[in-house]
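Student: Residue numbers (the numbering used here): 237 to 396.
One or more of the hints may lead you astray.
[Said to hold, decoys possible] BS3-like, lysine-lysine: derived pairs with alpha carbons at most 27 Å apart:
#: 1; residue 1: Lys354; residue 2: Lys339
#: 2; residue 1: Lys353; residue 2: Lys339
#: 3; residue 1: Lys354; residue 2: Lys299
#: 4; residue 1: Lys384; residue 2: Lys299
Keep in mind the hints are simulated off the structure, nothing from the lab.
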Amino acid sequence: MRDTTQNKYKNKTVTASFLVVFLVTFLLLSINGYLGYSAYTKVVKIFPDKESKKSTDVFNPIKVEVINGCGIEGLGDHLTDTLRLNKIDVIQSGNYYQFNVDKTLIIDRSGNMMKAKKVAGILGVPERQIIRQINKTLFLDITVLAGKDFSNLKDSKEKL
237 MRDTTQNKYK
247 NKTVTASFLV
257 VFLVTFLLLS
267 INGYLGYSAY
277 TKVVKIFPDK
287 ESKKSTDVFN
297 PIKVEVINGC
307 GIEGLGDHLT
317 DTLRLNKIDV
327 IQSGNYYQFN
337 VDKTLIIDRS
347 GNMMKAKKVA
357 GILGVPERQI
367 IRQINKTLFL
377 DITVLAGKDF
387 SNLKDSKEKL
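The task is simple: from the sequences and hints, build the whole structure.
Tutor: Spelled out as structure tokens, the structure:
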């Protein structure tokens with residue numbers, strides 16, 4: 237008769253070593269998968285495709301404040317309506333501390349000139365009247381400072 241105690245011990249050893257090899261393999265594959273996924277997401281963030289840019293624009297509207305610097309009553313409301321019709325988020329409107337601003341200015345606050353050019357295009361402001369004064373504490377992208385040249389701008393033909 238055979239000694240079954242040795243066979244039982246041998247089977248337990250084989251089962252334990254198989255389990256250890258399986259767990260180590262699973263652990264290594266998991267780590268490899270995680271590192272690969274992490275590297276992939278970083279590459280996607282560095283080099284976003286055109287589709288991801290379009291989807292982020294939907295969630296990141298251009299935030300604008302409109303400041304009346306020429307004293308024409310209702311000008312801020314008019315510019316606000318024009319911008320909102322073009323899907324621009326006007327978050328604040330008010331008067332400048334004085335009413336002697338000659339030229340309308342588009343002031344880039346976030347460092348994204350494409351947004352400033354878009355707002356300038358909507359209002360008919362020449363690109364030479366776009367200036368950059370980055371101020372992240374304002375929590376907006378653009379300041380529109382309306383000047384006395386308002387009547388020369390594209391949308392002002394339907395005057396107040």
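Student: Take the hints in turn and mark each one as holding or not.
Tutor: Each hint tested on the structure:
{"no.": "1", "hint": "Lys354 / Lys339", "in the structure": "18 Å, holds"}
{"no.": "2", "hint": "Lys353 / Lys339", "in the structure": "16 Å, holds"}
{"no.": "3", "hint": "Lys354 / Lys299", "in the structure": "12 Å, holds"}
{"no.": "4", "hint": "Lys384 / Lys299", "in the structure": "23 Å, holds"}
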